[in-house]
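There are 2 protein chains.
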Amino acid sequence: MKVLITGIDGYSGWPLALDLLSRGHEVSGLDNFVTRKRVKEVGGDSALPIAPFPKRLAAVRQLMGKEIRFHKGDVTSWSFVHDVLAEERPDAVVHLAEQRSAPYSMIDVHHAVRTQVENLSGTLHLLYAMKELTPDAHLVKMGTMGEYGTPNIDIAEGFFEIDYQGRHDRVPFPRQAGSWYHWSKVHDSGNVMFATRIWQLRSTDVMQGVLYGTRTPQITDRRLFTRFDFDEVWGTALNRFVVEAILGLPITPYGKGEQKRGFIALEDSMQSLRLALEHPPAPGEYRVFNQFDAAYSVNELAELVRAVAEKRGLHPTIEHTPNPRTEAEQHYYNPIHEHLPRLGYQRQRTLEAVIEEIFDDLTKYRRRLEAHRGSVMPGGVNWRHGDNREGISARSHPAPAPASTEATPASTDRTPAT
Amino acid sequence: MKVLITGIDGYSGWPLALDLLSRGHEVSGLDNFVTRKRVKEVGGDSALPIAPFPKRLAAVRQLMGKEIRFHKGDVTSWSFVHDVLAEERPDAVVHLAEQRSAPYSMIDVHHAVRTQVENLSGTLHLLYAMKELTPDAHLVKMGTMGEYGTPNIDIAEGFFEIDYQGRHDRVPFPRQAGSWYHWSKVHDSGNVMFATRIWQLRSTDVMQGVLYGTRTPQITDRRLFTRFDFDEVWGTALNRFVVEAILGLPITPYGKGEQKRGFIALEDSMQSLRLALEHPPAPGEYRVFNQFDAAYSVNELAELVRAVAEKRGLHPTIEHTPNPRTEAEQHYYNPIHEHLPRLGYQRQRTLEAVIEEIFDDLTKYRRRLEAHRGSVMPGGVNWRHGDNREGISARSHPAPAPASTEATPASTDRTPAT
Numbered sequence: 012m013k014v015l016i017t018g019i020d021g022y023s024g025w026p027l028a029l030d031l032l033s034r035g036h037e038v039s040g041l042d043n044f045v046t047r048k049r050v051k052e053v054g055g056d057s058a059l060p061i062a063p064f065p066k067r068l069a070a071v072r073q074l075m076g077k078e079i080r081f082h083k084g085d086v087t088s089w090s091f092v093h094d095v096l097a098e099e100r101p102d103a104v105v106h107l108a109e110q111r112s113a114p115y116s117m118i119d120v121h122h123a124v125r126t127q128v129e130n131l132s133g134t135l136h137l138l139y140a141m142k143e144l145t146p147d148a149h150l151v152k153m154g155t156m157g158e159y160g161t162p163n164i165d166i167a168e169g170f171f172e173i174d175y176q177g178r179h180d181r182v183p184f185p186r187q188a189g190s191w192y193h194w195s196k197v198h199d200s201g202n203v204m205f206a207t208r209i210w211q212l213r214s215t216d217v218m219q220g221v222l223y224g225t226r227t228p229q230i231t232d233r234r235l236f237t238r239f240d241f242d243e244v245w246g247t248a249l250n251r252f253v254v255e256a257i258l259g260l261p262i263t264p265y266g267k268g269e270q271k272r273g274f275i276a277l278e279d280s281m282q283s284l285r286l287a288l289e290h291p292p293a294p295g296e297y298r299v300f301n302q303f304d305a306a307y308s309v310n311e312l313a314e315l316v317r318a319v320a321e322k323r324g325l326h327p328t329i330e331h332t333p334n335p336r337t338e339a340e341q342h343y344y345n346p347i348h349e350h351l352p353r354l355g356y357q358r359q360r361t362l363e364a365v366i367e368e369i370f371d372d373l374t375k376y377r378r379r380l381e382a383h384r385g386s387v388m389p390g391g392v393n394w395r396h397g398d399n400r401e402g403i404s405a406r407s408h409p410a411p412a413p414a415s416t417e418a419t420p421a422s423t424d425r426t427p428a429t
Numbered sequence: 012m013k014v015l016i017t018g019i020d021g022y023s024g025w026p027l028a029l030d031l032l033s034r035g036h037e038v039s040g041l042d043n044f045v046t047r048k049r050v051k052e053v054g055g056d057s058a059l060p061i062a063p064f065p066k067r068l069a070a071v072r073q074l075m076g077k078e079i080r081f082h083k084g085d086v087t088s089w090s091f092v093h094d095v096l097a098e099e100r101p102d103a104v105v106h107l108a109e110q111r112s113a114p115y116s117m118i119d120v121h122h123a124v125r126t127q128v129e130n131l132s133g134t135l136h137l138l139y140a141m142k143e144l145t146p147d148a149h150l151v152k153m154g155t156m157g158e159y160g161t162p163n164i165d166i167a168e169g170f171f172e173i174d175y176q177g178r179h180d181r182v183p184f185p186r187q188a189g190s191w192y193h194w195s196k197v198h199d200s201g202n203v204m205f206a207t208r209i210w211q212l213r214s215t216d217v218m219q220g221v222l223y224g225t226r227t228p229q230i231t232d233r234r235l236f237t238r239f240d241f242d243e244v245w246g247t248a249l250n251r252f253v254v255e256a257i258l259g260l261p262i263t264p265y266g267k268g269e270q271k272r273g274f275i276a277l278e279d280s281m282q283s284l285r286l287a288l289e290h291p292p293a294p295g296e297y298r299v300f301n302q303f304d305a306a307y308s309v310n311e312l313a314e315l316v317r318a319v320a321e322k323r324g325l326h327p328t329i330e331h332t333p334n335p336r337t338e339a340e341q342h343y344y345n346p347i348h349e350h351l352p353r354l355g356y357q358r359q360r361t362l363e364a365v366i367e368e369i370f371d372d373l374t375k376y377r378r379r380l381e382a383h384r385g386s387v388m389p390g391g392v393n394w395r396h397g398d399n400r401e402g403i404s405a406r407s408h409p410a411p412a413p414a415s416t417e418a419t420p421a422s423t424d425r426t427p428a429t
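Protein chains in written order, with this note's numbering: chain A, 12 to 429; chain B, 12 to 429.
Derived by calculation from the structure, the hints in this document are not laboratory data.
Possibly wrong hints are sitting among the right ones.
Since the list gives no way to pick out one identical chain from another, each pair is judged satisfied if it fits inside one copy or across any two copies.
[Unchecked claim] No farther apart than 25 Å at their CA atoms in a straight line, the calculated lysine to any residue pairs in the SDA-like style are these:
#, residue 1, residue 2
1, Lys271, Pro183
2, Lys142, Ala339
3, Lys142, Glu129
4, Lys142, Trp394
5, Lys142, His396
6, Lys267, Trp210
7, Lys142, Pro333
8, Lys142, His121
9, Lys142, Arg336
10, Lys271, Phe370
11, Lys13, Asp94
12, Lys271, Arg178
13, Lys267, Gly295
14, Lys142, Asn334
15, Lys13, Gly397
16, Lys142, Gln187
17, Lys322, Arg360
18, Lys271, Gly177
19, Lys271, Met204
20, Lys142, Asp119
21, Lys271, Trp210
22, Lys267, Gln341
Computed from a prediction, not measured in an experiment: that's the story for all the values here.
Based on the sequences and whatever the hints tell you, model everything.
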């Protein structure tokens with residue numbers, strides 16, 4: 012199968028390329044490399060060193076004997092998207108080329124607008140290009156479990172059957188997202204559903220849980236590493252917790268820490284995407300996958316990280332910090348996930364084992380973590396503020412301690428525990 | 012009350028300004044005049060002649076003894092929105108400055124992207140500016156009943172209480188829009204709901220039915236006319252039908268004609284918006300109004316227009332044309348509308364009486380209708396096509412008859428019945 016991966020340089024785009032190549036599929040990709048820049052904008056960097064893209068391609072050639080056709084450019088350009096599709100004529104497109112950070116989207120009005128404009132226009136360009144050039148190809152679109160929010164009822168898989176005032180229908184499950192980024196994915200879902208219906212496309216909309224892990228079976232060499240972000244803006248809570256433990260900082264759950272989310276290992280996400288690709292929907296079918304294995308609360312993540320850290324002679328404390336987000340901190344959470352198991356999906360990795368692996372990998376790069384120690388601390392982006400540029404600027408250009416204490420009061424209550 | 016109207020030059024923005032002024036409110040407004048241009052882009056024009064904006068202001072000064080503070084500019088510019096809010100500090104903002112045509116959004120990829128990017132970024136800019144400058148002001152945001160689509164259950168007013176798998180919650184009513192324009196309003200609704208929650212704003216999201224009519228009580232002089240579009244892209248089905256009847260063309264419902272929509276008279280929409288403004292929601296409250304009076308099918312509209320035409324000695328036929336949209340042509344339709352009546356709303360105008368009035372007004376401008384006769388014919392924008400530029404170009408630059416027959420086959424089956 013010929014698969015085009017948009018965002019092939021990203022955290023899951025890169026291992027997906029390796030996975031598909033190893034299974035004999037033909038892979039092409041595009042990227043604008045903007046995540047590499049934007050992580051630095053907020054004072055972060057990948058914990059694992061990632062090779063420049065041409066070196067990645069060379070490593071694939073050398074280690075796997077495979078070629079990836081690559082196109083540098085931006086999906087917000089219609090002519091770029093059109094030209095790549097015209098040249099590649101893929102059987103499937105996995106669309107990962109979107110701004111993916113909730114805190115980044117909440118920095119200020121410009122980051123909010125940029126996130127939604129980039130994500131929506133990129134997806135619209137792809138839909139139109141597929142309609143024109145590859146109407147029978149399958150679009151696998153990356154969304155997020157965060158589209159649903161945390162309703163007090165079970166979360167259906169995209170659609171649900173309901174009775175209301177004596178009548179019955181199957182309708183989209185209501186979306187109640189929690190950041191401009193998450194809303195951009197909700198908006199995309201509506202657009203993909205609509206295009207699929209009017210143009211009889213084939214699409215799978217992936218409501219993915221939070222990813223975790225540094226490895227997939229194909230990452231056999233450091234030249235093949237995928238990125239791993241741990242700063243407050245681009246890293247997940249789990250990633251931050253591991254780095255905090257390694258650096259001797261307290262582990263810092265937001266608020267009460269009873270917020271629950273669905274999680275899936277990077278390797279199992281690759282399995283899911285592969286299953287989606289190998290079992291395309293019918294023409295005109297818009298299909299939704301709730302792609303996660305298990306739900307964990309932030310407190311459970313913190314405890315798991317502390318337990319692994321203890322075994323390694325580290326003794327992090329857990330210190331709850333004021334929640335910069337506006338989210339329910341105690342809530343019901345029971346999303347249904349049946350579609351992937353029906354295609355043969357079986358979980359391969361446990362959270363505990365992967366946390367061990369993350370500790371193994373990151374400990375080797377402790378100096379990289381130290382260099383970006385400031386970026387892991389919470390408090391830079393607060394959902395209640397319209398403008399967080401000051402907090403971000405303190406993060407990316409750390410001032411000497413006394414001066415920064417005045418400039419960014421939010422960070423003063425987190426003295427490192429070293 | 013100080014009210015800022017964005018899109019004050021538009022079909023409902025202008026009469027709203029007159030209405031609020033006549034009731035003693037202070038009115039300011041902004042507009043970029045782009046609708047005037049875009050209607051001409053597709054070969055259309057307002058049926059009633061509308062004065063250039065400075066002449067509108069002069070007429071208001073002379074006839075009503077009132078001033079409107081006006082700002083020319085575009086809500087897609089953050090600095091413009093910010094500056095206007097900083098200067099005006101309104102108690103309420105009525106946000107009407109959005110691309111409002113479904114067919115326009117379906118012309119091609121560029122019109123699709125432009126519609127969503129303009130509408131979303133404008134609304135985001137307003138939300139951020141209100142958060143910063145007027146956090147206690149009330150946002151009245153124009154949406155559309157079309158956000159809901161046509162589900163097989165009653166359509167709740169924004170939110171509904173449901174039982175699902177043994178649990179209960181109040182959640183947003185699912186949205187299933189039918190064009191990129193309608194989806195842009197769905198996306199806006201999500202964004203307004205979220206901003207209201209995180210920043211404790213006050214907002215009313217108006218799911219408005221299709222508007223009809225040329226008049227409100229304040230339009231006492233032709234210098235105060237509001238625009239009235241009848242071309243296939245910018246006009247409503249009802250507007251097209253009246254113009255077809257006046258021009259001796261057949262009335263052309265799309266498809267079976269059993270599509271039902273909610274409708275409200277222009278004058279009653281003004282009443283609704285006034286009630287919303289005079290009864291603002293609490294801080295943090297996101298309120299949804301289903302703003303319409305009654306539902307009619309396209310066939311019912313066609314029959315009503317024909318009946319009025321017959322009384323005037325016109326004898327239009329009704330000729331169903333292939334439906335260029337992808338929509339259910341026979342469906343259940345029962346939207347609930349209780350919020351406005353609870354605030355005292357009472358319907359003032361019947362559809363029949365307003366159709367008579369439209370005939371009266373438009374007949375005086377028959378030559379303007381003749382001049383844009385080509386624009387009323389259906390077939391220029393087809394939802395199933397990714398690229399409708401050819402159909403639109405034929406509309407805006409009508410070629411001599413034999414040549415155009417070949418170039419745009421879709422229009423050949425509609426020979427005028429004159």
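How the hints compare with the structure:
1. Lys271 <-> Pro183: Both ways: Lys271 and Pro183 sit 22 Å apart in one copy and 21 Å across, limit 25 Å.
2. Lys142 <-> Ala339: Answer is between; shortest inter-copy Cα gap is 22 Å, intra-copy 40 Å.
3. Lys142 <-> Glu129: both (20 Å within a copy, 23 Å between copies)
4. Lys142 <-> Trp394: between (38 Å within a copy, 12 Å between copies)
5. Lys142 <-> His396: Between. Shortest inter-copy distance 9 Å satisfies the 25 Å Cα cut-off; intra-copy 41 Å does not.
6. Lys267 <-> Trp210: between (46 Å within a copy, 21 Å between copies)
7. Lys142 <-> Pro333: For Lys142 and Pro333, the Cα distance is within 25 Å only across copies (22 Å; inside one copy 47 Å).
8. Lys142 <-> His121: The answer is between: 14 Å across copies meets 25 Å, while 31 Å in one copy does not.
9. Lys142 <-> Arg336: between (39 Å within a copy, 16 Å between copies)
10. Lys271 <-> Phe370: within (23 Å within a copy, 60 Å between copies)
11. Lys13 <-> Asp94: within (16 Å within a copy, 51 Å between copies)
12. Lys271 <-> Arg178: between (33 Å within a copy, 18 Å between copies)
13. Lys267 <-> Gly295: For Lys267 and Gly295, the Cα distance is within 25 Å only across copies (22 Å; inside one copy 44 Å).
14. Lys142 <-> Asn334: Between copies, since 20 Å is at most 25 Å while 43 Å is not.
15. Lys13 <-> Gly397: Between copies only: 24 Å across chains, 44 Å inside a chain, cut-off 25 Å.
16. Lys142 <-> Gln187: This pair counts as between: shortest inter-copy Cα distance 20 Å, intra-copy 29 Å.
17. Lys322 <-> Arg360: Within. Shortest intra-copy distance 20 Å satisfies the 25 Å Cα cut-off; inter-copy 76 Å does not.
18. Lys271 <-> Gly177: Cα proximity of Lys271 and Gly177: across copies only (21 Å, versus 34 Å in one copy).
19. Lys271 <-> Met204: between (27 Å within a copy, 22 Å between copies)
20. Lys142 <-> Asp119: between (35 Å within a copy, 11 Å between copies)
21. Lys271 <-> Trp210: Intra 37 Å, inter 23 Å, cutoff 25 Å: inter-copy only.
22. Lys267 <-> Gln341: within (8 Å within a copy, 50 Å between copies)
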